[in-house]
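Chemist: From just these sequences and the hints, can you work out the full model?
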Amino acid sequence: MESLTKASLKVCPFVRSHSTAAMKQLAKNSSLITEATHCPVMGPAIQAKRQYSQPSKTSFAQATDAIKATKVNQDATATADFESLKAFNSKESSTDYDGFFADKLNQKRQDNSYRFFNNINRLAKEFPKAHLHDEADKVMVWCSNDYLGMGKNQEILDQMVKTMETYGVGAGGTRNIAGHNRHAINLESEIAALHKKEGALVFSSCFVANDAILSLFGKQFKDLVIFSDSLNHASMIQGIKNSRAKKHIFKHNDLEHLESQLAMYPKSTPKIIAFESVYSMCGSVAPIEKMCDLAEKYGALTFLDEVHAVGMYGPHGAGVAEHLDFEAHLKSGIASPEYKTVMDRIDMITGTLGKSFGVVGGYVAANKNLVDWIRSFAPGFIFTTSLPPAMMSGLSTSIRIVRKNIEDRIKQQKNVRYVKEEFRKIGIPVIPNPSHIIPLLVGNAGDAKKASDSLLNKYKIYVQAINFPTVTTGEERLRITPSPHHSKAVCDELIESVDSMWKDLNLKRVSDWESIGGHCGVGSVAQTPLENLWTDEMLTLTNGDLNPNVLNPVIEQLEVSSGIKL
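So for the sequence shown, UniProt numbering puts the first residue at 1; every next one is plus one.
Hints are computed from structural coordinates only; laboratory data are not their basis.
Keep in mind it's a predicted model, so treat the numbers as computed, not measured.
Watch out, some of these pointers could steer you wrong.
As the list claims (entries may be wrong) - Below, simulated DSBU-like cross-link-like pairs (lysine-lysine); rule was C-alpha separation at most 35 Å, straight line:
no., residue 1, residue 2
1, K129, K219
2, K449, K404
3, K104, K290
4, K251, K368
5, K251, K241
6, K290, K331
7, K267, K290
8, K138, K414
9, K152, K129
10, K152, K219
11, K488, K425
12, K565, K138
13, K449, K108
14, K414, K458
15, K488, K411
16, K449, K125
17, K152, K246
18, K368, K138
19, K340, K368
20, K104, K219
21, K565, K108
22, K368, K420
23, K290, K368
Modeler: Okay, here's the thing in structure tokens:
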């Protein structure tokens, strides 16, 4: 910079003819540019039209009113300088933000992926019914994730009202600032006991939990590699992106593909295998035990999302990981079996409190140090307002009810079996799976929307269409989820209505998909029949077969919920 200044002093006659003191005075009086225009070198440069290679900053943009117009108008010379400076402003137009939004929305409308949200108002006293905009216009809901109907459970409602009247409707802020409360401690203790882990941590949602935890691992573990199932939920995908860790995506439930990726790295390289138990859009189930085998062989942590399985599987509703050691957990009740179970082998289990448990929120259950590490470092937990006391109190009650009520899980599974079998008899294309999800393959976004609209408007049945990006283009579907509260008569109405609608819209049946080689497992000759997770023997159990220790257990509160004292 010093050499450039010296060169300017030699070349520019304007600079050479003015002393340093004179230049400072001109600048102080805001007349420097006016004087410089008389220079044979500076003058033409100032008056020439500028060319931009990129947008320039607006000359008079300012964050405060420190530059007053009165200063500019002190004299005629200053006014001239002001007008001269305005001419220097960029002539470029502003970005057409609204046009951008309109173009993107138009693209979604053209490819039939634009989403319409129906006005569905679930009725607690008439579950699974809801009303539309008009309260008299009632429909039967067949796609809710309130799988067990706990959102209308009277015992939970009473508990929430009681807590709200005592402690108010809000949490008062984050637990880091406002502190937490007995309801948070109780809820995390219940979750840890459900999954038989040392600790648990509650988040505002499981989306936030998955994102916060996976991204934290990437930020704190150097050279971390994450191995993600190709059908993982958007929350896990977002967390992996935000982690900035190296990632590998393995084919859905493909153990060989996963192992080929794991084998690329030394055992000492930190790794996470991230997967779900039940994949909600197709109903497939992960080979959890074999995933654990690979994790132990190659030195990886296991991250299992049980969002669509908690409440639904296992003798106590802890999910598929519990279900895989069904007899042992049934016998031991709230205690741990005498051997290391599949659930023990999973390092991190995340789940939701807004589906089978009927309220809202998400969580992670793991060992004490891991939970404390997440509690201490994850921004998604630290800086998010806590769930209100009434919500957490209601959720603790819900978990206790679900744990001791195996009959609701069994009734729900029986309804699923019945609907699937009846659809099979009439050729309605159900994507095969061993879980409680009933996905009806449509294969076209426009037809899926028409099918959903027809069921709602003509048959008073609400089933939402599922399209891209939730599922791949060409695999659009309707997703049906029976509950224990859908009676046989209601199930028969659904089956008849879907059959009639399928005829009206001339949608492909199983035989049509078979004639073109099958799609998504529908109509595929090579498709191996899948055994249901709930066996015939399991479906004969009653609440009386549960260990009495689950009926009203005294659960030890977790130190990690408040912070571990040394």
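Chemist: The structure should be examined with respect to each hint, and the outcome stated for every one.
Modeler: Status of each hint after checking the structure:
no.: 1; hint: K129 <-> K219; result: violated, 46 Å
no.: 2; hint: K449 <-> K404; result: violated, 39 Å
no.: 3; hint: K104 <-> K290; result: violated, 43 Å
no.: 4; hint: K251 <-> K368; result: holds, 32 Å
no.: 5; hint: K251 <-> K241; result: holds, 18 Å
no.: 6; hint: K290 <-> K331; result: holds, 24 Å
no.: 7; hint: K267 <-> K290; result: holds, 18 Å
no.: 8; hint: K138 <-> K414; result: holds, 26 Å
no.: 9; hint: K152 <-> K129; result: holds, 11 Å
no.: 10; hint: K152 <-> K219; result: violated, 41 Å
no.: 11; hint: K488 <-> K425; result: holds, 16 Å
no.: 12; hint: K565 <-> K138; result: violated, 54 Å
no.: 13; hint: K449 <-> K108; result: holds, 13 Å
no.: 14; hint: K414 <-> K458; result: holds, 27 Å
no.: 15; hint: K488 <-> K411; result: holds, 11 Å
no.: 16; hint: K449 <-> K125; result: holds, 29 Å
no.: 17; hint: K152 <-> K246; result: violated, 44 Å
no.: 18; hint: K368 <-> K138; result: violated, 48 Å
no.: 19; hint: K340 <-> K368; result: holds, 17 Å
no.: 20; hint: K104 <-> K219; result: holds, 33 Å
no.: 21; hint: K565 <-> K108; result: violated, 53 Å
no.: 22; hint: K368 <-> K420; result: violated, 42 Å
no.: 23; hint: K290 <-> K368; result: holds, 25 Å
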